[in-house]
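Please model the entire structure based on the sequences and the hints provided.
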Amino acid sequence: MDTTLAGMELAPTPPAPAARRTLYEEIVAVLAISLLASAAYAIVSLLTAPVKGVTVAAANPDPLFANQLLGFVFGLAPALVVVHLVRRDGEGIGVIGLTWDRPRQDVIRGTLLFVVVGLGGLGIYLAAVWLGVNRFVIPAPPPGHWWTWPALVMDATGAAVLEEVIVLGYLVTRLQQVGWTPIAAVIGSAILRGGYHLYQGWGGFAGNLLMGLLFGLLFLRWRRTWPFVIAHLLLDFAAGAGYLLFRHHLPGF
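40 is the number of the first residue of the sequence shown in the working numbering; add one for each residue after it.
One thing to keep in mind: the hints can contain errors.
Said to hold, decoys possible - Here are the computed distance ranges between Cβ atoms for each label pair:
(1) R262 x A81: 39 to 45 Å
(2) G234 x G281: 37 to 43 Å
(3) L165 x Y235: 20 to 26 Å
(4) A166 x A81: 42 to 48 Å
(5) T150 x Y63: 33 to 39 Å
Hints are computed from structural coordinates only; laboratory data are not their basis. Just so it is clear, the structure is predicted and the values come from calculations on it, not from any experiment. C-beta atoms are modelled at their ideal positions from N, C-alpha and C, and glycine is treated no differently.
Written out as structure tokens, the structure is:
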């Protein structure tokens, strides 16, 4: 086996500039869903851990907020992978409804969805809690910190982008492309959405299943993902803000 420098002549051929950008996207996406997050958390842990009786926390006095920030950034990594895949295949982000070319329409639709789903979802949630088939889920970061509200915004944004880009835009589109009927794709997406909310109890499952069906049917009509990202963000933020503002009036809090 050639171990000389001559043996290194078979290095990969440098790609064209456009292909290079695609490869950089791929590198960032792969690292973000694997080792980069561990490295970032390790750095925060090192900076805030006591070393010989001294805490090196001057550069980062609040590790809890740092972890919240890292959780937000790396929580978006799977959505980044989706964006990379559709761009690499030449389809572009328009295939999953992510082009930002109709912001006014998307914001209006998202806000209307927030009102409709918010009122209906609140009723389902309270009824489920009253019937004992749901758990009371605290929908906000720990209160009492300077970063509580910024963290709430990050949590709401991260959940909205992750769920709607992957479970709605990407999954419904790909299921249709592999031969599922539009309705079957919507039902599959809605069942998944309800399933990963089962930690909230059966009420959480039912509410999210219904929301998934509504979002899916509207996605088939609009072929836009942003209205659902906006609606989801507003729903999660409103739930968290309501808890933070009125938690002292809730039973047990």
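Against the structure, the hints:
1. R262 x A81: 39 to 45 Å: This hint holds: roughly 42 Å between Cβ atoms.
2. G234 x G281: 37 to 43 Å: violated (25 Å)
3. L165 x Y235: 20 to 26 Å: At 22 Å between Cβs, range holds.
4. A166 x A81: 42 to 48 Å: holds (45 Å)
5. T150 x Y63: 33 to 39 Å: Holds - the Cβ-Cβ distance for T150 and Y63, about 36 Å, lies within 33 to 39 Å.
Hint compliance for this structure: hint 2 is the single one not met.
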